[in-house]
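Residue numbers (my numbering), protein chains in the order written: chain A, 199 to 271; chain B, 199 to 271; chain C, 199 to 271; chain D, 199 to 271; chain E, 199 to 271; chain F, 199 to 271.
FYI, nobody ran anything at the bench for these hints, they're computed from the structure. The reader is advised that the hints may include incorrect statements.
It does not matter which identical chain is meant; a pair holds if it fits inside one copy or across any two.
The list that follows gives simulated cross-link-like pairs (lysine to any residue, SDA-like), each with its CA atoms no further than 25 Å apart [said to hold, decoys possible]: (1) 251 <-> 230; (2) 212 <-> 248; (3) 204 <-> 252; (4) 204 <-> 244; (5) 269 <-> 255; (6) 206 <-> 270; (7) 249 <-> 211; (8) 269 <-> 230; (9) 251 <-> 225; (10) 251 <-> 213; (11) 212 <-> 249.
As the structure is a computational prediction, the values presented were derived from the model and not from experiment.
There are 6 protein chains.
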Amino acid sequence: MFPNDKIKELVNSKIRVEMKGEDLILEGRLRAADDYMNILLEDTKEVEDEKEKRALGSVLLRGNNIIYMEKIA
Amino acid sequence: MFPNDKIKELVNSKIRVEMKGEDLILEGRLRAADDYMNILLEDTKEVEDEKEKRALGSVLLRGNNIIYMEKIA
Amino acid sequence: MFPNDKIKELVNSKIRVEMKGEDLILEGRLRAADDYMNILLEDTKEVEDEKEKRALGSVLLRGNNIIYMEKIA
Amino acid sequence: MFPNDKIKELVNSKIRVEMKGEDLILEGRLRAADDYMNILLEDTKEVEDEKEKRALGSVLLRGNNIIYMEKIA
Amino acid sequence: MFPNDKIKELVNSKIRVEMKGEDLILEGRLRAADDYMNILLEDTKEVEDEKEKRALGSVLLRGNNIIYMEKIA
Amino acid sequence: MFPNDKIKELVNSKIRVEMKGEDLILEGRLRAADDYMNILLEDTKEVEDEKEKRALGSVLLRGNNIIYMEKIA
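Next comes chain A alone, as it looks inside the complex (with noise of 0.2 Å):
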């Protein structure tokens, strides 16, 4: 069932996620998600204006928050 089939063809790509609160956008390779869109990121940067802010290790998103997650090159 759909959006599971979808984020699960999504694993080991790159994908950006734009999360609420700040609305911080964050890329990393995704490792894990679960059936509530809690996903795992590897290798995370913060972007700002297409740049890299800060660096991130292997962070845990809350499904809840996330905006939108698209796959990137």
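Given the coordinates of chain A, work out where chains B, C, D, E and F should sit on it, guided by the hints.
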């Protein structure tokens, strides 16, 4: 049961979606949706003041962060 | 059980809904609702300072982002 | 089970409710409530700086957007 | 199971709670709590810059809008 | 199942958590967590611009208000 029926009718239509966060407005073709209004949009663009601000590809939107969605011509 | 009963009474009435996000106020005719307060409004308009700001058609509103709804004359 | 018991005690009392969004403060008589704190208020008024700002009639409030509620005299 | 056990330990203690919305900070005695962190506080006061800003009586707080809670002396 | 496994691995580690609301950043030792990412942090401090702003003791964080969490050295 509503709203699933209504959303299913919209699959393959172009829709506009207003999201929480920085009140992002996205337009794209609705390709899939689940019971939580998690949706997959294709050929997505971010819109500001009725103009395209940024092109996105295929994006997954988290249902709980959708303010509203409407069909566009 | 409340609030479903109350919302069902409102179907086909004109209602005003305040949404989260940019605190959008929408008015329209309530056509359908489910147990999560996800609703379908028709002939919807966005209202600001008691005046119509923008006309929308048929819109789907996500229940968790509704602050309140009330019947209007 | 709490908090249902507590809320049931408040039915027919006047309450003050602070909502999310623009941090709306509403006062009215509590007429009904469900397990999610979705509530029906009657003779509702919006309050700002302890004064009535606007009169609303009967309003339905979505429980997840309630910050707190308290009984008022 | 956590966090219910932890919260139960706090019943009858004075706690500080930061809420969403206007980032309200409340202090009071925890009288009851359920599995969703919906809580009942008594002798509640709103705190700003470590000073009492406003006294509230007995308030019901919606769990999903709690940022954090901590025991105070 | 993820993300529970991942979070369990983090128990007893020092973590950084960004919360919704005023975009609070907290650092502390993770002592317990449940399936909703509700967590118990000990020796918690609030961090601003990479410096300690305020010391908190043992705090309970509501999972739905977590933006992300990451392990720190």
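Hint check results:
For the homomeric pair residue 251 and residue 230, the shortest alpha-carbon distance inside one copy (24 Å) is at most 25 Å, but the shortest distance between copies (31 Å) is not. Taking the shortest alpha-carbon separations for residue 212 and residue 248, only the intra-copy value of 15 Å comes in at or below 25 Å, while the best inter-copy value is 27 Å. In this assembly of identical chains, residue 204 and residue 252 lie within 25 Å of each other by CA distance solely across copies; the values are 23 Å between and 28 Å within a copy. Proximity of residue 204 and residue 244 under a CA criterion of 25 Å is satisfied in both settings, with 24 Å inside one chain copy and 21 Å between copies.
Taking identical chains as interchangeable, the C-alpha atoms of residue 269 and residue 255 lie at most 25 Å apart whether they share a chain (19 Å) or sit on different chains (8 Å). For a Cα distance limit of 25 Å, the shortest separation of residue 206 from residue 270 inside one copy, 15 Å, qualifies, whereas the shortest one across copies, 28 Å, does not. For the homomeric pair residue 249 and residue 211, the shortest alpha-carbon distance inside one copy (20 Å) is at most 25 Å, but the shortest distance between copies (30 Å) is not. Taking identical chains as interchangeable, the C-alpha atoms of residue 269 and residue 230 lie at most 25 Å apart whether they share a chain (14 Å) or sit on different chains (16 Å).
In this assembly of identical chains, the alpha carbons of residue 251 and residue 225 lie at most 25 Å apart whether taken from the same copy (11 Å) or from different copies (20 Å). Both within a single protomer and between protomers do residue 251 and residue 213 lie at most 25 Å apart by alpha-carbon distance, with minima of 17 Å and 20 Å respectively. Proximity of residue 212 and residue 249 under a CA criterion of 25 Å is satisfied intra-copy only: 16 Å inside one chain copy versus 28 Å between copies.
In summary, this structure violates none of the numbered hints.
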